Each structure stands twice: as structure tokens, then as C-alpha cells.
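2 protein chains.
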Amino acid sequence: MELYDLEPSGNCYKIRLLLAFLGIDYELKSVDFMGGEHKTDRFAEMNPFRELPVFKDDGLVLRDSQAILVYVARKYGGDAWLPTAPDGLARVMQWLSTAANDVARGANDARLHDKFGYELDVEQARRKAHHVLELFDEHLNDRDWLELGRSTIADIACFPYLALAPEGGVPIDDYPAVRAWIGRIKALPGFVPMSGLA
Amino acid sequence: MELYDLEPSGNCYKIRLLLAFLGIDYELKSVDFMGGEHKTDRFAEMNPFRELPVFKDDGLVLRDSQAILVYVARKYGGDAWLPTAPDGLARVMQWLSTAANDVARGANDARLHDKFGYELDVEQARRKAHHVLELFDEHLNDRDWLELGRSTIADIACFPYLALAPEGGVPIDDYPAVRAWIGRIKALPGFVPMSGLA
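These protein sequence lines are chains A and R, in that order. With my numbering applied, the first sequence covers 1 to 198. With my numbering applied, the second sequence covers 1 to 198.
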């Protein structure tokens with residue numbers, strides 16, 4: 001089992017976090033992102049989208065952090081992190097789309113601009129980030145977890161870039177329910193941190 | 001079973017298409033999008049993200065087209081449109097993320113600008129759309145379907161906005177493998193069209 005990884009990537013961190021919660025050993029392959037290793041043909045053979053993370057297990061090569069969470073949760077986690085029943089599976093799936101779209105194009109984009117110099121409309125990204133944080137804060141106002149009354153990969157998929165939002169000029173002080181939820185995730189057995197988490 | 005729907009929405013069309021392939025009867029609830037019905041409190045109670053589609057079944061209320069595809073496929077389609085095994089499930093999941101992110105922020109955004117007057121950076125959206133179309137064209141060059149050698153909800157999730165790309169000033173003439181794939185989807189038993197499809 002190999003994770004092609006970049007330490008400051010919240011998308012890579014999602015996978016490290018789930019593997020830590022499940023107590024699974026794996027090989028961490030650090031990719032020289034600054035040196036452009038992800039732009040090489042060798043990397044594109046693993047992932048034509050030239051993005052991290054990439055996960056290899058038993059001959060399978062997967063791209064996309066949400067897809068890798070689904071794979072690891074289903075293969076090694078039983079029903080603990082991802083339900084098999086249609087309604088529970090779909091409830092979790094809603095937040096995997098939110099992670100891939102709204103969270104990525106808001107808080108993640110703002111951080112890519114501020115921390116890594118990406119050229120993008122950072123004001124628009126920050127507006128989106130705050131809008132999404134408002135929706136999360138309202139949703140979490142009377143819930144401990146995003147769905148099903150327990151921690152699932154929905155929480156793991158959405159948590160990193162919301163907790164990293166201050167690194168993109170998006171303070172989260174005004175979102176108490178989001179901050180309490182971040183605290184609950186950090187208190188889960190097996191939790192591992194990454195640098196920059198609020 | 002109720003689908004809160006907007007005819008010209010590719011995201012709503014995904015659900016109509018899967019339900020048609022499965023031969024499932026449902027109630028179509030047309031939402032007065034131009035009149036701002038999705039901005040009302042009553043709509044926000046169903047979907048705080050105030051987006052379409054919304055799907056109701058048996059007391060469950062789901063937002064997000066990808067999540068609804070997962071639900072319908074798993075509950076009513078057996079393994080036909082979404083595998084249960086971890087590797088197949090995750091392979092399909094990769095493309096649901098691509099639909100929620102790359103396809104949405106490329107071809108879909110360009111069409112939102114041109115057809116519905118959304119204020120956004122249409123040149124950037126068109127560049128993203130062509131980049132994604134190149135990746136799809138390469139992937140489909142030696143494959144009939146996105147994954148598993150058969151039609152799945154991966155194809156249903158990605159197909160509408162790529163086939164609607166010309167409505168956003170993104171011609172698809174230079175992507176022969178994508179056009180052949182669109183033709184295969186259109187030839188599936190039970191296929192229903194929507195207006196504007198290439």
C-alpha cells in the first residue's frame with residue numbers, strides 16, 4: 001500500500017488521517033511537487049490529472065482524495081466510516097461532493113493563493129469560503145457530526161481545508177459550531193495532525 | 001419519489017437519465033428557478049445550499065446530483081450502475097469527483113455564463129473545459145466507458161455538461177473519442193434526451 005504524498009496538501013492529509021484512524025501501515029512516497037515531479041510523464045501514467053494524492057493497493061491505482069477515502073473506508077473499515085446502505089452511503093456522498101467542489105474552490109483555493117502563490121481570484125475564493133463556512137456552521141449547530149450522528153469520511157473529507165482556512169486569509173473565529181466540530185475530530189482516537197491546522 | 005427539477009439543468013438531467021435507464025416512475029416537481037423559488041426559506045429547508053436537484057424518497061431528502069445518483073443506483077439498480085466492491089466503487093467515485101469539480105468549474109461554468117448570464121471568468125472556464133475534454137478524450141481513446149468496461153453512473157455524471165459544452169462556447173469537434181462516447185450513451189436502451197445536447 002503506497003500513498004504518493006505532499007505534506008502540506010490537505011487532500012493528502014485526508015488519506016493519512018483515515019489510515020491513522022484505522023491503524024493501517026503503508027508506505028509514504030513523498031512527491032517532489034516544488035521540483036515538478038507531478039508534471040512528469042511517469043507521474044501522469046499514474047494520474048493523468050497530475051494531482052496528488054495517488055494511492056496504490058494490490059495492483060489498483062487511484063486518484064482523487066474522495067475516491068481514495070471511499071476505497072480505504074469500504075475495504076478496510078467495514079461500515080465504520082462509510083455505510084453500505086443506500087441512504088447512509090448517499091448522505092455521506094453529499095459531503096464528498098461538497099469537499100470536491102465548494103470546499104475546494106473556496107477555502108482551498110484561497111490557501112493555494114496565499115501559501116503557494118497560485119494565480120486565482122482570491123477575493124472570490126474567500127467569499128465562497130465564508131459562504132460555505134456559514135452553511136457548515138448552521139448544519140453543525142445542532143449536530144456533532146456531518147451525517148449519521150457519528151464520524152464518517154464526510155467529516156474527514158471536509159475538515160482539513162476548513163481547519164486550514166486561516167492560512168488563506170479566512171479566519172474561522174465567527175463559526176463556533178465549526179470550531180467545536182474541528183475539536184471533536186481532533187479528539188478522535190488515532191488522530192494525527194498536520195502543520196497549519198486551526 | 002420526487003425530483004425537484006429544472007429542465008435546462010444538466011445536474012437535474014443526470015437524475016432523469018438514470019431513472020429513465022432504470023425504468024423508474026417518479027414525480028417531477030418543476031422549480032421556478034427564474035422566479036427565485038430556490039432562494040426561498042421553504043426550499044432552503046430541503047437544501048441549505050439552495051441548488052437543484054433535490055430528491056425525496058421514503059422520507060429521505062437528498063441534495064447534490066452525484067449523491068442522488070449513488071442513492072438511486074444503489075437502492076434500485078443492484079450492481080448494474082454502481083459496483084459494491086471497494087475497487088469498482090472507488091473507480092466510479094473518481095469520476096463523480098471529477099463531475100463535481102473539474103467538469104462543473106469548466107464546461108458547466110462556461111454554459112452558465114453564456115446561456116444564463118452568470119458573472120464569472122468565462123475565459124478561464126473555457127480553458128478548464130478544454131483541458132478536461134483533452135483528459136477525457138485521451139482516457140476514452142482506448143475505452144468504450146469511463147470505468148469497468150461498462151456504463152456506470154461515472155458516465156452519467158460526466159456526460160451531460162461535456163455534451164452541453166458547445167452552449168458555453170466550447171466546441172467538442174476536436175475530441176473524437178468524447179464524441180464517440182456521447183454517441184454510445186445516447187444509444188443505451190431507455191435513453192432520454194435534453195435540449196442542447198451535442
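Just so you know, the hints here were simulated from the structure itself, not pulled from any lab data. All values derive from a computational prediction rather than experimental measurement. Think of the CB as a built atom: it goes at the ideal place given N, C-alpha and C, for glycine as much as any other residue. Treat the hints loosely; a few may be bogus.
One side only, chain R facing chain A, incomplete, derived with CB under 7 Å [to be verified]: (1) Gly36; (2) Lys56; (3) Val61; (4) Gln66; (5) Lys75; (6) Asp79; (7) Pro86; (8) Gln94; (9) Ala100; (10) Glu119; (11) Val122.
These are the hints, each one checked on the structure:
Here the hint on Gly36 (chain R) is broken, as its CB sits about 17 Å from the closest CB of chain A, past 7 Å. At a threshold of 7 Å, the smallest CB-CB gap from Lys56 (chain R) to chain A is about 12 Å, leaving the interface hint violated. Checking Val61 (chain R) against chain A: minimum C-beta separation of about 10 Å lies over 7 Å; hint violated. Residue-level restraint check for Gln66 (chain R) holds (minimum Cβ-Cβ distance to chain A is 5 Å; threshold 7 Å).
This hint holds: Lys75 (chain R) has a C-beta 4 Å from the nearest C-beta of chain A, less than the 7 Å allowed. A least Cβ separation of about 13 Å between Asp79 (chain R) and chain A goes past the 7 Å threshold, and the interface hint is therefore violated. At its closest, the beta carbon of Pro86 (chain R) sits 4 Å from a beta carbon of chain A; the interface hint therefore holds under the 7 Å criterion. Taking 7 Å as the C-beta contact cut-off toward chain A, the hint placing Gln94 (chain R) at the interface holds, the least distance being around 4 Å.
Proximity of Ala100 (chain R) to chain A holds as hinted, the smallest CB-CB distance being about 4 Å (cut-off 7 Å). For the restraint placing Glu119 (chain R) at the interface with chain A, the shortest Cβ-Cβ distance is roughly 10 Å, beyond the 7 Å limit, so the hint is violated. The interface hint given for Val122 (chain R) is violated, since its Cβ lies 13 Å from the closest Cβ of chain A, which is over the 7 Å cut-off.
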